[in-house]
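Asks: What follows is the residue order along each chain.
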Amino acid sequence: MPTFWLVVLLLALSALGFAMGRRRALASAGGNPRNLHSLPNYYGANVAMSTAVPALAILAIWLLVQPIVIENRVSALIPETSIPENTSLSLVMSDVRRLAEGLDEAVNQSFLTQKQSFALDSATSDIRSDLGAVGVALGSEVRPEVLEAAQSYRQLSSSGATLMTVVAVLSALVGFFLAYRNSDKEFRARNVVERGVMALLVLAASLAILTTVGIVLSMFFETMNFFGLHNWRDFFFGTTWAPNFRGDSELSILPLLWGTLYISAIALMVAVPVGLFAAIYLSEYAGSTVRAFAKPLLEILAGIPTIVYGLFALLTVGPLLLKLFGQGENGVFGLTWMSGATSVLTAGVVMGIMLIPFVSSLSDDIINAVPQALRDGSLGLGATKSETVRQVVLPAALPGIVGAILLAASRAIGETMIVVMGAGAIAKFSGNPFESMTTITTRIVSQLTGDTDFASPETLVAFALGLSLFVLTLGLNVLALYIVRKYREQYD
Amino acid sequence: MTDLSQSPTPVPAGQNSLLTLSDRTKKRNAAEKRFKIYGISAIAVGLLMLVVLVTTIVSRGTGAFQQSFITLKVELLEAKLDKKGNRNLEDIKKVTTFGYAPIVKAAMQQAVQDLGIETDLKSKQMAALLSKNAVAQLRAYVLENPEHIGTTVEFRFLAQSRVDGYLKGRVSRDSIENDKNISPQQLDLADELLAAGVLEKTFNLDFILGSDASDQRPEAAGMGVSMLGSLFMMLVVLALALPIGVAASIYLEEFAAKNWMTDIIEVNIANLAAVPSIVYGILGLAVFINYMHLPMSAPLVGGLVLTLMTLPTIIISTRASLKAVPPSIRDAALGVGASKMQAVFHHVLPLAAPGILTGTIIGLAQALGETAPLLLIGMVGFIASNAPESIADGLLAPNSAMPAQIYEWAKRADPAFYERAWGGIIILLVFLVTMNTVAVILRRRFERRW
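Protein sequence lines correspond, in order, to chains A and B. Residue numbering for the first sequence follows this note's numbering, beginning at 1 and increasing consecutively. Residue numbering for the second sequence follows this note's numbering, beginning at 1 and increasing consecutively.
These aren't lab readings, by the way, just hints derived from the structure by calculation. No false leads were slipped in.
In silico lysine-lysine, DSS-like type, Cα no more than 27 Å apart, as pairs:
{"id": "1", "chain 1": "A", "residue 1": "Lys428", "chain 2": "B", "residue 2": "Lys411"}
{"id": "2", "chain 1": "A", "residue 1": "Lys486", "chain 2": "B", "residue 2": "Lys258"}
{"id": "3", "chain 1": "A", "residue 1": "Lys295", "chain 2": "A", "residue 2": "Lys385"}
Reference excerpt, derived from the structure (chain A facing chain B, CB under 7 Å, subset only):
{"id": "4", "residue": "Ala278"}
{"id": "5", "residue": "Pro305"}
{"id": "6", "residue": "Met417"}
{"id": "7", "residue": "Thr449"}
Cβ coordinates follow ideal geometry from the N, Cα and C atoms, glycine included.
With the hints as extra help, turn the sequences into a complete structure.
Replies: Structure, rendered in structure tokens:
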């Protein structure tokens, strides 16, 4: 039974439970809800909850665990010797899975009967062409041990699914009857239901932790795999990034880190002065009408998706810069500094535009948080407004502004689309902003798109890069939040 | 004291007068003015960038909503399409698009002759003004209406992208010097056809509703299917992120005791909101695809990844709106005998609902425009040619999403696709602006000030 219908069945059962539990409780109180401990709906909810929640939980856990168990059992079937040169167990296993899915598909389309599909023999029938006929393309001829593994994979999956259905339905029925029997006027249904709801709330809140753990673990394990295949010294201290899918790659994060930091620095050089002055003007000088107009308009820039900025970099800013600084005779200034539209400057400038509202609204909040008394004192001593801003307000707001700039820097380092489309793909150490360079995020995208083989260091390096990126941005964020928080307390 | 009693050194007349400004005051005032100008120019730069961005998008993208069409009378020759003449659908299906090419060529030649246009182009070159899509369109029509074989039917074919670009001013006689796809003679013919009204530029609904097309046929590419992909992803995000986000916020805001556990959760959520989106893509690839073996490129996976990404946003805004409900509401409810849970669910939550809704819509808008994680779970480079047939299909069949589709077009070499990428951005921004406007209206209309 497909999982979808199982879920529908469980939900239907719990709806029935709601109606029946409510009725039984009311009946036990002689139809008068005043004689019940809780409101009638709580009795219904109690039955519904004990029917659906444990069963759905079993379902979810089962769906998560079953693949691992089957994977382990099946991969034990494949002898060490039958793994061809240059591949790994995981590649053979993906063949096995594909074959198993193909056979199931063939049965689904009634190309084969269930019995025939299990009786297949790789020696006598051409499984590859048979499956091709039902639209499943296999990469290679089917070897007997792969077929055997695939058959046991199917066997285990289908019996696992049956068992899961039985267990889930059984637990739903047990929950139903226990809760139904309890639906009596003395039963404290509200307390039970509220405890259940509370548990669900806690579960939802801990999902945030679960996500972090998931992020860290998923990247950590693959990174460990990577360091098993590739020297960690080369990754952290090497100087060349030259992935080569035939092996012998040089995969070092340093050139990528350089590109990332260079582009981020240019972005901040654009965003910080503009954003900061905009914030100062808006909070210290602008009248309420200007503020009401300019602030939301600037914030539109923050709401525009990054793909738009990426396209802007690729098709507008890049060619414009090329016209100004490249193309020699045909260009505006006759310069030949730039050879292509993608460059550090292109990506940096566009990213700077994106970060303007980020810097300005954060700094605006922080400048506004500086107590008015400080300004009044300074103005009262005869300072002009700009002197007050420069010598009193900004020093008071400095830690917060530093925090805002750090947050903007972390945004810039993690930004993907603008650099993918505007920065280019060449990893090198160079100080020339007109050259194209590459970043950590672009390399993650290029190593992980297309066909990915999770056994090669060229793919796995993306996880190491991702983890480095995560640690880097997390460090910046924590530092920034710490500074901002500490500063806020000063004036509270 | 002695200092004070000494008479001050005489000040030159006029320097400390109230009526004339001293040099120092002038300097300070000038600095003040400069400072103010810096501020104004900073805002001007920001707004200028916004204007440049918007005008670029509009000026480059509106072209995608118009398309050049060539209207032709096509004689559906029985001898070519149904040799046996028994209108058996199976037999008609055997004629591939190659079989339809001569018919289109003949129709084009006929039209040119009828209009009395003189040209030394061969019929093949004439037919090259039409999109490569024309034969497929013709075949689809014939398969749907086999009874029309043998008659003459009027068709509206897409013009080739170069011709379309010529009409829109993207392609000129100078720019096609090295172009194999079109020659100046063909452009002359296009001019004549335009004058005769056979070739015309009209609104193109297919760009909004159609599906992506291969590299060779930019004129036939549309956003429709990827829009459905985005829609299904948003459904997943809404179905998961809203309940989970609200539940988590209620716990953290109303029930959680202040201890190290809740502190960790809070710091965690603040940090998750700032994790680069591509990291969520890596998570999705590693967990949902590599570990759980969910199908690659499926909107379900995209939706799950975006859910994790939007959750912190929704939690933060929901907590803010829960916090805005005054404690007196809770106290009153508790005072008349409600349990704590009842006070929250019956009184606080409904009052906070407009704020929660606003935050959710803004979170959804953010998720709708996100591209980077979708690249990693394979939602680019795939051409979904058909709209999904059912909800399960929509969730599990490979599809693209609006921003991923735009990225895909931007990567292709043909400038005709760039126009479509900008056009796609207009559609995407229309959605975003609508969602944000709805959010603002909701906030204005229902938000209560206590």
